[in-house]
Amino acid sequence: MHILVLASDYTLYTDELLKLNPSLQLIAGNKPSDLIDAGRECSVWLGDPHLVAELLRFGVKPKWIQSTWAGITPLMADDLSHDYILTRAVGVFGQLMAEYLLTYFLAHERQLIERIDHQKEGKWYDRQPGTLKGRQIMIVGAGDIGCCVAQMLVPFGVNLVGITNTSRSISPFHQCGTLEYLPRFLETADYVVNLLPNTPQTQNIWNATLFALMKPTAIFINYNKNNETN
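With UniProt numbering, letter number 90 in the sequence shown gets 90, and the count goes up by one each step, no holes.
No lab work stands behind these hints, which were simulated from the structure alone. For glycine and all other residues, C-beta sits at the position ideal for the given N, C-alpha and C. Careful: at least some of the hints might be erroneous.
[Unchecked claim] Here are the computed lysine-lysine pairs in the DSSO-like style, where the Cα-Cα straight-line distance is at most 27 Å:
id : residue 1 : residue 2
1  : Lys-61    : Lys-31
2  : Lys-63    : Lys-19
3  : Lys-133   : Lys-215
4  : Lys-31    : Lys-19
5  : Lys-63    : Lys-31
[Said to hold, decoys possible] Listed next, with one range per pair, are the computed distances between beta-carbon atoms:
id : residue 1 : residue 2 : range
6  : Gln-111   : Asp-34    : 25 to 33 Å
7  : Val-90    : Lys-120   : 26 to 34 Å
8  : Thr-87    : Arg-57    : 14 to 22 Å
9  : Lys-120   : Leu-80    : 44 to 52 Å
10 : Gln-201   : Glu-114   : 34 to 42 Å
11 : Gln-151   : Asp-15    : 43 to 51 Å
12 : Ser-23    : Ile-113   : 23 to 31 Å
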């Protein structure tokens, strides 16, 4: 089987694929313009969506595209062909995201940056640190990654609130609601984490009106690289 690997870290993917199956025939790179012929030859592509989208614009397409990202927004552009099987990476980013966010939660509560600055200056930092216990953490986008983040936060005794695409109860959240509940939930949140997918429904959803509803001390963490925050 001929597989095209089109990714910024293409060597990482080719190494792992060959460990799984040394007989695979791989063509790899990170420049779409250099891989037009390879795109025609390979019926299966593994790649970063923004690079794959660029290659598709040269008029070549496979039977199957496996995205290296959880998001696939670049491939949804109106000027691109969509008549192929498209799968995305799920179930692999939750742990990384949870650790990333936990780092920032704890750094804020423990005033880590301020303590480091004082330490550099040889000064004693005597302010009392905060704690995550009892904090209300709102995860806007309680999907696969959001649930993994929430699960990691359970031992810290936080109050977990989730925004979902449909109204339903999800463990380990204490309360869940759809986007229509967003304004009400924002009023009591200590931390707001945006994990919403980039869709027409979420474009510019974060605006001055919503931010004005939040407590002055609330922390907003936007992880998505999209047009949701205006």
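For each hint, the structure was consulted:
1. The suggested pairing of Lys-61 with Lys-31 holds, with an alpha-carbon distance near 16 Å, which does not exceed 27 Å.
2. Restraint check: the Cα-Cα separation between Lys-63 and Lys-19 comes to about 24 Å, which is no more than 27 Å; the hinted pair holds.
3. Distance check on the hinted pair: Lys-133 and Lys-215 sit about 18 Å apart at the alpha-carbon level, within 27 Å; holds.
4. At roughly 24 Å between alpha-carbon atoms, Lys-31 and Lys-19 fall within 27 Å of each other, so this suggested pair holds.
5. Taking the CA atoms of Lys-63 and Lys-31, the gap is about 20 Å. The hint holds against a cut of 27 Å.
6. For the pair Gln-111 and Asp-34, the beta carbons lie near 49 Å from each other, so the given range of 25 to 33 Å is not met.
7. Against the hinted window of 26 to 34 Å, the Cβ-Cβ separation of Val-90 and Lys-120 comes to about 42 Å, which falls outside the hint.
8. Taking 14 to 22 Å as the suggested C-beta distance range, the pair Thr-87 and Arg-57 conforms, at roughly 21 Å.
9. At about 50 Å, the beta-carbon gap between Lys-120 and Leu-80 stays in the expected band of 44 to 52 Å.
10. The given range of 34 to 42 Å is respected by Gln-201 and Glu-114, whose C-beta atoms sit roughly 39 Å from each other.
11. Look at Gln-151 against Asp-15: about 31 Å separates their beta carbons, and that is not inside 43 to 51 Å.
12. Between Ser-23 and Ile-113 the beta carbon distance is about 51 Å. The supplied range of 23 to 31 Å is therefore violated.
Hint check: violations occur at hints 6, 7, 11, 12; the rest are consistent with the structure.
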